[in-house]
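Protein chains in written order, with this note's numbering: chain Y, 2 to 638; chain P, 13 to 481; chain A, 3 to 100; chain W, 1443 to 1949.
Note that these hints are calculated values from the structure, not bench results. Honestly, I wouldn't trust all of these hints.
Stated by the list, open to error - In silico SDA-like cross-links for lysine to any residue, where the CA-CA straight-line distance does not exceed 20 Å:
#, chain 1, residue 1, chain 2, residue 2
1, Y, 574, W, 1724
2, W, 1875, Y, 31
3, Y, 383, Y, 467
4, Y, 538, Y, 548
5, A, 89, P, 164
6, Y, 87, W, 1909
7, Y, 602, W, 1497
8, W, 1737, Y, 572
9, W, 1889, Y, 33
10, P, 113, P, 335
11, P, 378, W, 1596
12, Y, 608, A, 52
13, W, 1875, Y, 178
14, Y, 574, Y, 207
15, P, 199, A, 51
16, W, 1913, W, 1497
17, W, 1925, W, 1636
18, P, 113, P, 48
19, Y, 383, Y, 453
20, Y, 608, P, 368
21, Y, 87, Y, 207
22, W, 1913, Y, 383
23, P, 199, A, 93
24, W, 1737, Y, 178
25, W, 1889, Y, 28
26, P, 378, W, 1466
27, W, 1913, Y, 207
28, A, 87, Y, 613
29, W, 1844, Y, 209
Claimed, not checked - Chain Y stretches covered by chain W per the calculated footprint, using a threshold of three residues with CB under 8 Å from any CB of chain W:
#, stretch
30, 82-92
31, 165-172
32, 182-192
33, 406-418
Claimed, not checked - Sample of chain A residues with no beta-carbon within 10 Å of chain P, all distances over it, derived:
#, residue
34, 3
35, 6
36, 10
37, 20
38, 24
39, 89
We put the CB at the ideal spot given by N, CA and C, even for glycine.
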Amino acid sequence: MEHTANYIGLIPLLPLVGAVVIGLMHMFTCTGKAFSEKLYGALACVGPVLSFFLALVVFFHLRDLPVDQRHLTHNVFTWFAVGDLKVDMAFLVDPLSGLYLLFVTFIGSLIHIYSIGYMAGDENFGKFFCYLNLFLGSMLILVLGSGPVVMFVGWEGVGLCSYLLISFFATDTENVLAGNKAFIVNRIGDLGFVLGMSVLFWAIGSGGFDYLSLKANTHLLTPGVGIAVCLLLFIGACGKSAQIPLYVWLPDAMAGPTPVSALIHAATMVTAGVYMVARFSFMYAHFTTAGTIVAWVGILTALLSAIYGMFQSDIKKILAYSTVSQLGYMFAGVGVAAYSAGIFHVFTHAFFKALLFLGAGSVIYALHHQQDVWQMGGLKNKMPRTYMTMLIGALALAGFPPFSGFFSKDEILFMALANGHTGIWLIGVLVAAMTAYYTFRLIFLVFHGTPRNQEAYDHAHEAPAVMTVPLIVLAAGAALAGVLNLPALFGGNMVVSTWLEPSLTEHHPHMSHGVEILAMLASVVAVVIGITIAYKKFGQGAEEPEFTGFAKLGYHKFYVDEIYNAVFVQPFKGIGSVISRFLEPNVTDSFVKFATWIYRKAGTSFKALQVGYVRVYALYMVIGLSLMSLFLSQSIN
Amino acid sequence: MQDFVSLLPLIVVGAGAILLMLLAAFEKLEVETGALISMVFYGAAFFIQLVVGGGPQDVIFDKIFNGMLATSNFSMAAGLVIFGCGFFTSMSCHSYFGVNKFCTLDFYAIKMFSVCGMVLLTMAQELVTAFIALEIMSLGIYILVGYDRTRLTATEAILKYLMLGAFAGAFFTMGAALIYGGAGSTKFVAISQFIAANPAGQPLLIGGAFFIFIAIFFKIAAFPFHAWVVDVYDGASAPVTGFMATALKAAVFALFANFIALSSGFHGQWIDFLFWVAVLTMFGGNLVAIGQSNIKRMLAASGIVHSGYLLIALVAINAEQFTGSVIGYYLAAYAVGTLGMFAAMSYLGGSGEKRVNFDDFKGLAKVRPYSAAAITVFLLSMAGIPPTAGFMGKFYIITSAISAGQMALAVLGVVSSILSMWYYLRLVISMYFHDASESFETQGAPLATISTFVLVVFVFAIGLYPIVI
Amino acid sequence: MIQDYLILSIILFCLGILGVITRRNVFTVFMSIELMLNAANLAFIAFSRLHESMDGHVLAMMIMAVAAAEAALALAVVILLHKHKGKLDTNVFSLLRG
Amino acid sequence: MFEYALSVMIFLPILAGLALVLFPLRGQVARTVGLIVSIVILFMGIEMFIGFTGTSGMEYVQNTPWIESLGINYALGVDGISLLVLMAAAILYPLVFFVFDTRTKGFYGNLLIAQGAMIGAICATDMVLFYVFWEIMLLPIFFMIGLYGGANRLAATLKITIYTIAGSLLMLAALVYVGVSYHQQFGKWTFDIVQLSALDLGGGYAVLAFIMFMIAFAIKTPLFPFHTWLPDAYTEAPTSATFVLSAIMAKIGVYGIIRFVVPVFEIEFARFAMLLSLAGVVGMIYCGIAAISQKDMKRLMAFSSASHMGIIALGVFCMNVQALTGTLFQIAAHATSTGVLFLFVGLLEQRMKSREIGDLGGIAYRAPIFATFFAIAMLASVGLPGTNGFIGEFLIILGALKFSPFIAVLAGTTLIIGVCYMLWMFQRVFFEKTNEKTAEFQDLTAKEMLSFLPVILLILAMGIFPQAFIKKIEPAASQQVAKLFAMSQAQVADTAVPVSDQNNHKN
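Chain Y extracted, bound-state conformation (with noise of 0.2 Å):
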């Protein structure tokens, strides 16, 4: 079974190719006239569904392995060396990339498939399919690269990926502008990125520069180079899973088609940044001041969204902020160290988020692309369907036991609690409250009470079957994939963080289970809680209140758009424009044509000692005869 290695190296290879294909094809036709969609749909699958088998294969045979060698490394090529740098373009399978490889490819090629009919009609049907399939090999080169470098290589490919799907209608400025929003703040973040790639291999590079070279040499790090990689990484991580301050892309990066809202930024790309914490886990153990840090911006991200969340009227800006805030959650289950925790939440949060958004997505499909909630209500008699795997979604978000979130969600709360760190504990289950509470504004509003538009109401209808099969499948995954990883507590084995044992560094502290009973309990109390809330408040049909106050601050975001844009944006355009105007003009030049201008005056002087008069020119020489004779009598004796 040796030569399944280097199967790895076809699984992101697969989907780019596709993405070179669909993207030849599309720039060679779409001026003239297109492809069929079924031919763009049919080679925009065959890549993601391929890679999903390779997945799984290399998966099944990784599971085969003893635990203390579950790691297959298919070193492809040289990249670059230099000096003591030397960089492979290598892929490693290990129990984490291994799981995250299944569901990143399963998820894939569900979205895949649900887009066929989502973007049904659309005249850039191809360059669409071109880009996703782009996007997932990127991402699997993320997920499967063997060291930091090559892992850059897919986390920039999935920055690109991820402007061009939200520009894609590019013809409104709008979309472009978010686009541009996500690429900078995404190069921000990069930014630390590669810092902290740099200072990791300047202390302990020189040893080979992929995980497991550098996890055998992290115990040379001095603290103060170890946090301070950490924390250049995170603020990769940040920019990537839109956490504090770099969260600001992530609402406006709905401007995307759906699908992609749902694929990119809510299951996968959104969490490479959890992905990267994680694959850094020797570190973050290692330097625990570094991670408490990564857990404190966490659960604040996690509290200030969830705050957001519950004043939007935006379907789709709704589920962005929930998502922000399930971030938040995993950051805060990775920075206490519960790693395994986190990546389990990540993989619960990818189905019910993408069945949420994909929901959202033929409820807005329906009503031709109405997004606000204002406007919808009653629909569950339309499109039943889509309501029932919504409200599975829902309550998964929400963390309603027995769905997924529940279990994943609880499990960083214990872990945070179990560790110390309390005062995140308490947050985590305050903003649980406040998730359950606009998850459930968000239900009511659209499918409860009476439709507030009436004849968009009348238009509306169930989505076609392409679109709710992967609707169905994703819910059952939602309701079920909790089991994946059941707390002993009840009776379960933590199958997930077991199998994730190897590649993470964590250490499960032991509490009796009477603590995790009595947090588990507070957790559903407080789920409870926000969701009767919301069923006062929405579920006879509400209408749309006039927001003041903290309310109105809240819907507004605190103004930190604002505030970023007038803090950062404009003075730096400020700053360009004063540079061009006027100082490259009027100042960095000045001193040449300074020069220049005393040039030309003192010739035109000169000019002017040129009189004409031989007398005067005697006269010069002899004055000049006596200024040297002046200067003999000095210099000489």
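Add chains P, A and W to chain Y, keeping to what the hints say.
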């Protein structure tokens, strides 16, 4: 016998001059033929010089007229340059006077006489001989400058030149007298022996040398004795200006070098003084040049700057084993460029020199691309852009200056050549980057044109294969 | 003893210089130059007396000869100037300037 | 057969160019000649690259005495340091002849002369020879901008010419100083860089000479604050000239620093490294920010190019093998991406008769191929992994961090700034709505596409398989760095000695 051999070129040219004067008696003889005849003689002299000077040793004949003249490789080289200048000037005169008819055969005769004076000057090893040679040269040049008796400007030019020249000459004589008083002789050899005997700066000597320097500074238009040069160049006719700018400068610098290289002690005394003169000359020249709108005046001013560079070389010479190779090479390089410029001016200038300003040459490249290209080459050579002769000259000078430890002087020289880019480029720009307003038609014989392109070849030839003397 | 001669010649020389830079009449200027040359000659003679060699005298002769030649040319120029402008004021002749 | 290759590569274009300039030919004939010559050079370049072994020594060496009295030789050679620069000069040229066909013979002649001179400057291992070519390089540019440039070309021409010549004349004095001090230390004249690197100048006049060298190269590169000639020149110059300037000529400035300054002035270099790298970084940020607010596409590109040159130069000053290799790689990478971008801007201008960003929009829909190519080049220039831009920038930042974290952080901002102006421009030009101007924008013709395709592929290939290039340049780089360190370590201890030596020499 050796006296005769070493003087042979001189004699040839002198004979040619006399012959021309006699021929001048025949009315039917064309002026053009005069030019050709003189060219023949210059050529002959040039080759004789080449043959005689071909020897490897440094000083060939050091005891001519018991030490009044001496020919070294350096003086030979200077002589070659002078003959060359005479030759090419005759070529450009040939065309020039085809258009501006005020020439007679005597013109060429006088020119050859002054060449004699120049060559004598390069060999002079005795002050009064030098003075006489200087005067032979100058008297000839005076006449050439004012040859167009009908033009007031020419007359004014000769007035200024003559008056100030005589003024400077008086200084020379006074200096000679003082040195004679100090050293008891006016022969360079004796003077150097005297200095070697009593190195303490002897006031009479210093004063005398100073006066002689004044005179020389005047001739090479060092700052602040430069004022005349702009006006005189402007007033004189183009070929003559070219002749003055090159041959005269070569001769005088030959004398200057021979004199300053008397003995290292003497040279050492004057280094600081020359340093400042060089600096002032370079920058003063640039400042004069930048303001000019007339090309001849600009070239005159740039001539001042080049004198400054040559002064750098003089500061840097090593008086112990003086070869003068750097100076010789620079003189040749400068001569080629300048002669080319004036040759071009003399056939492009038209009758009565109606094209002399920068603006008159606008769009030349559109109408006469080759002439424009040639002029550009000369300008680049003067500016010292490789691979022209001017570059190698500048390179040698900087090298010698730095080897002599005169880093500051080298840098200042470089700075001044940066400044000089300005007015050289200005002409290129007006030739190339503007549209032609006229058709630059030229009549008259094509010799000047030919000489221009021959000189272009020389510019590159000397630049790429620098014959280090 | 020699000093007196020297002083005299220096005085003459300076007078010449003064003449050149102050006077505007062409004739006067040229005469001033002659004065300077003669000052030089005087110095030569005096020095040759001092060194008891005849070189000085010879040199003086030479210089006189040259000065004569120069003078001849000067006169020609003077005539030329007079033909052009009818006056010998050097300030009149300042077309070439700037 | 291949031993005179370098001479051929130098003089074939120059002679052909002169022929074009001098003999009366029609523009199309001239173009064909130029095309043929440049393709010949291209193949010779490729052949040379393949044949290059990269064992950190000079290859294809050629050395004949020129001026014995001063030990000046006609010495050519290629090593890891000059290889990629040479490739940039040799390979990209045919594009120009393929894409633009509206010029006169004089223009093509000048282009060829420029190529020959640049190759000469790159291959020369003798300082004086280098200087000669270095100066000749300028003349064609001078004429190209002055004759075929934009509206206010005269000012631009004068500016670039005076600037550059000022710099190079200072360099002339400096290199003579180097030669002389070699003469004084070792008693024989030479300007061969290999032998000169035995020198270790410091203190006294060496500082002055070093500064003069650096000014010359800083102007050509250009380093902040000597960049002020650049925007005007790049904007006014005809596209092909801008291409030559930005893609190749600017690189020769950096190359000159590596080749001629570092080996001779180890001590001074080590001493000034911090200041210089600051200049590089500040320039990068300054020009980058300036680019953001440009209305004219070409001007924006000009600033972006200047900004990148800052980062490229930084790699030299960091004095470690990663950064140096990064620079050498980035020189070629940036040549491809920026060169192509400038040519694309030229195409846009040709088609739209306007470079104003405001006038354009929505081109991506009219011209997907053009847009894709442009996007790839753009992403390369913002250093996206998978394109060649990433490798260089990453290595440089990595090295900069070793040199000084502060510098590294500043340098890292290039990731952000670059994206800012590029995306903004891309949005305004290729996205958004089409207007009546861009509505009938023609996509790349087959010919154009085929001529650009190789470069685009090269961009990707260099990004995905950089090792093929790096393994040829890395040995030379590491060798130089090692030497630099040995020298500067040895000297920093007793800097006093050479200083006093200098003083003795000058009296």
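Discussion item. Flag every earlier hint the structure violates by its number, smallest first.
Written reply: 7, 10, 12, 14, 22, 23, 33
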